[in-house]
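Q: Hey, can you work out the whole structure from these sequences and the hints?
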Amino acid sequence: MNLTDLKRVLDERSRETAEQAVHRSRLHGVRAKVRARRRRRIAAWATAGVAVAAAVTFVLPGLRPDLTPTPAVSPSPTPTIEGFPEYANGARVVAARSAPLSARQVEVTVVPTTLDLVIFTRCDGVDENIAVERTVRVGSRVVADGTCHDGSLHPADWAGLGVTVGQPATVVLTITGAYQSGDAGEMGVPVPERGEVGLAIGARMPFDDYPLPPRPGVLTPLNQASWPAGCSETVCQNVIVIRSDPDDPTRPVRTELDWPTVTSIDMVSQTPGLLRVQVAGVQVAVGEWWDYQLTGAQMYGDADGQWKRDFDLDLRRGDRVRIEVVPAQVTGAWQVVLTPAVSTGG
Numbered sequence: 001m002n003l004t005d006l007k008r009v010l011d012e013r014s015r016e017t018a019e020q021a022v023h024r025s026r027l028h029g030v031r032a033k034v035r036a037r038r039r040r041r042i043a044a045w046a047t048a049g050v051a052v053a054a055a056v057t058f059v060l061p062g063l064r065p066d067l068t069p070t071p072a073v074s075p076s077p078t079p080t081i082e083g084f085p086e087y088a089n090g091a092r093v094v095a096a097r098s099a100p101l102s103a104r105q106v107e108v109t110v111v112p113t114t115l116d117l118v119i120f121t122r123c124d125g126v127d128e129n130i131a132v133e134r135t136v137r138v139g140s141r142v143v144a145d146g147t148c149h150d151g152s153l154h155p156a157d158w159a160g161l162g163v164t165v166g167q168p169a170t171v172v173l174t175i176t177g178a179y180q181s182g183d184a185g186e187m188g189v190p191v192p193e194r195g196e197v198g199l200a201i202g203a204r205m206p207f208d209d210y211p212l213p214p215r216p217g218v219l220t221p222l223n224q225a226s227w228p229a230g231c232s233e234t235v236c237q238n239v240i241v242i243r244s245d246p247d248d249p250t251r252p253v254r255t256e257l258d259w260p261t262v263t264s265i266d267m268v269s270q271t272p273g274l275l276r277v278q279v280a281g282v283q284v285a286v287g288e289w290w291d292y293q294l295t296g297a298q299m300y301g302d303a304d305g306q307w308k309r310d311f312d313l314d315l316r317r318g319d320r321v322r323i324e325v326v327p328a329q330v331t332g333a334w335q336v337v338l339t340p341a342v343s344t345g346g
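As numbered in full-length UniProt numbering, the sequence shown has no gaps in its residue numbers, which increase by one up to the final residue, 346.
Calculated from the structure, these hints are not laboratory results.
If a hint is listed, it holds; no wrong ones were tucked in.
Keeping only pairs whose Cα atoms sit at most 25 angstroms apart, straight-line, the calculated DMTMM-like set for lysine to aspartate or glutamate is:
{"#": "1", "residue 1": "Lys308", "residue 2": "Asp258"}
{"#": "2", "residue 1": "Lys308", "residue 2": "Glu256"}
{"#": "3", "residue 1": "Lys308", "residue 2": "Glu324"}
{"#": "4", "residue 1": "Lys308", "residue 2": "Asp157"}
{"#": "5", "residue 1": "Lys308", "residue 2": "Asp319"}
A: Structural data, given as structure tokens:
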């Protein structure tokens, strides 16, 4: 996978469930292989300057890093709409539909009051060894295709997709096929008759208004699972690790170093809140969290020249650079890991 592919994949991964993100390095078996191999073209979602979380992640203009309000507490049990939580990933579901998987398609039409929208998808009741493929369109434009799974998508430019506030907009999820993996490899199979597919549109909310889950008595500690897949402090000794101030997690943390060129940025937080990563004064990634699940968020690095294209930031190996992580609304520990590219010399 090259860096362009990484950029495309990270945004859809950026809002994975906590279990998917924290244990991604440990996933095994057929389903993991199918998803990894069959995920193909994914639209350029809103990542920093966003997802993710995306995460990987996306920019929320206007959030102030020095605010740490006490959020509302969500009711229990969590209300659902067509099988989707009413509140998820900083958004409230405003329209949703579900259909049998055999119907092959589900569509949702909404009259948006904002263009700060999120698409939620789910595929339930499918056998573990089968991967169902889907395409997501906004109007006539494909915004993502690949394996159908529970998750969220964050198109960067809804206006560019032809969506206008106050005018009906239609999002369509179409099932395009199914695959099974075994000892002989992958092979196409009929789309299962059993199962259900769901599609929802959510409108993002101000942090202060979003009903966060109750804070647990003990926060999940940052540990090896908080690192990039396959890494730990002993295995990946060349990574750049920036951690929260143990006395004040809301305090910005800065470091200066000779720039190594990085392939990715991995972020994690114990609590709801926001982390903005700035390199040489330019915001290159934003991670956001809406629960206490220790979910990871990712962002592509500059090793493929993507930062120059996206942020007009042209760093050279060895440049003296300041990195700053600016937290907002967090109330627990967090960590940011930058993974350097392997130097090929020359």
